[in-house]
Amino acid sequence: MSFRYEIRLSGEGGQGLVLAGKILAEAAAVYDDLNATQSQSYGPEARGGASRSEVIISDDEIDYPKAVSIDLLLALTQESCDRYYKDLKKGGILLVDSDAVNRLPEGEFRVISAPIIGLARERVGRALVANIVALGFIAGISGIVSEKSLRSAIEARVPKGTEELNLTAFATGLAEARLLMKN
Amino acid sequence: MAEEKKIKVLTGNEACAEGALAAGMRFYAGYPITPSSEVAEVLAEELPRLGGVFIQMEDEIASMGAIIGASLAGTKAMTATSGPGFSLMQENIGFAAMAEVPCVVVNVMRGGPSTGLPTLPAQADVMQARWGTHGDHAIIVLAPFSVAETFDLTVRAFNLSEQYRTPVILLLDEIIGHVNERVTIVDPGSLEIFNRIVPSDPPDQYKPYRHTESGVPPMIAYGEGYRFHVTGLAHDETGFPTNSAAEIGRMLERHHRKVEQARDHIVQVDPFMMEDAEIGIVAYGSTARSARHAVRLARETGKRVGLLRLKTLWPFADEEIRSYIGQVKSWIVPEMNLGQMAHEVEWALAGSAPVTRLNKVNGDPISPPEIYQIIPG
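Listed in order, the protein sequences are those of chains A and B. Each residue of the first sequence is one higher than the one before, starting from 1 at the first, in this note's numbering. Each residue of the second sequence is one higher than the one before, starting from 1001 at the first, in this note's numbering.
Source of the hints: derived by calculation from the structure; they are not laboratory data. Quantities reported herein were computed from a predicted structural model and do not represent experimental measurements. Just to be clear, a hint being listed does not mean it is correct.
No more than 20 angstroms apart at the CA atoms, straight line, and that leaves these computed lysine-lysine pairs for PhoX-like [to be verified]:
1) K1329/B / K1303/B
2) K86/A / K66/A
3) K66/A / K1006/B
4) K1006/B / K148/A
5) K66/A / K89/A
6) K66/A / K90/A
7) K148/A / K1207/B
8) K1207/B / K1258/B
Kindly produce the complete structure, drawing on both the sequences and the hints.
What follows is the structure, encoded as structure tokens:
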């Protein structure tokens, strides 16, 4: 039986969600030998506004590249959480930034709340890398792509000279997620 | 392992740029516009490295003019745009058709009319690609449905334009242009590349618009020592304007014949589960992906549904659709416009089977469940 895993990364323009989605897709497709697509939705404005990036991972052909029944939703703003949680499938995972999202929705899904942006700012030293911290969380929570593949994809994709910073961000998110999953 | 298999994750726009380079395109002129800009972005970086030329023009009218000039000078040339830019290119597309100048025009479709929906998908330029420029003219239009196929059809667009001396339009939509997808990179040396046929006549006997049997006159590049005239006016074999009804008729007849008699080579469809289908879906571009998924869902419930996917939009796949008369009892045509291809399907079937249209023009893609829901039975 083939599987199809749908991830939506949502927040606002400038948070690097498109890049994070592309890294996830590359980790799965190039390094884990799966099929993957990444697509995005954004408005006509140059920055700001709602942003969303979707990644579909499957061991089969991917017909429709958009999410219809989400396995994992990342919400980095209250607005994106309010707007998209209804698209989660039964038993899906809602991962939110605990500082940005304080009104949590209720439903038949699991909520994981963690200070993603705060960790990027305080532990890694740059709020800018919150997208990569989020990737660490996603790897730790879902296990859908391997740690090794994600590391390779991050190194290959982030701007030259920022590899170490981004790998630290990834390791930070991954460690936190593993702690959370133990409890 | 990833190295050996050369697997990459690319967008359709990136694959289009890579395909053009693999086909030998070395001249790009364009004016950036969402959702096509990444085509220009990649080529601005790559073309200078390969000794090619990248020019950002003042607008799309000039872009089209520049690629016509480059092609006449012997270089494979391309431009890429979206709806508003495509409108501006129409006059010069007609010039390329009339003067039989090979070139490739990429239109990554977004919602219209006017500036419309810059970041959202549509398939509303299908008729404009066919009839956007004035006057009866032959044209070839291709529409890929995946990133990998965007690479292949870009190469094919150049091959067809070189082989038939005609502009070829590659219609992507925003979803195909922007989706990142896994592709296996092929060795460029393994690709079949067609280069325009050059004349064997000496310069004093060369006729740039010779009436050959294939309908395609051999073409020499400017600067090779041959002197010839190129015009958008109706012309005779020498390329100079004529008002002779016989000459004009002969020329226009040849323009159409060269594409029509090659239609079996040009027209490509991809049937999916059509062997025993009683319900057929005709779709193209990103909508065909939703349709294929809907077919899989419907097959699970025992419905005999298939998808006839169009890879070539023009010339239209009328014969391919008619080949299912008697077998397919009803058709569905989903498209992100108000029924531009559905009309052609109805015309091809001439009332022999009902056609249900599924149209959406609000910037949202057509999802698999939306198609699945209207499959009868």
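Now the hints, each set against the structure:
1. K1329/B / K1303/B: holds, 13 angstroms
2. K86/A / K66/A: Roughly 15 angstroms between the alpha carbons, so the hint for K86/A and K66/A holds.
3. K66/A / K1006/B: violated, 25 angstroms
4. K1006/B / K148/A: Satisfied, since the Cα-Cα distance of roughly 19 angstroms is no more than 20 angstroms.
5. K66/A / K89/A: Holds, at roughly 14 angstroms.
6. K66/A / K90/A: holds, 18 angstroms
7. K148/A / K1207/B: At roughly 63 angstroms apart (the allowed maximum being 20 angstroms), K1207/B and K148/A break the hint.
8. K1207/B / K1258/B: Distance of about 17 angstroms is within 20 angstroms: holds.
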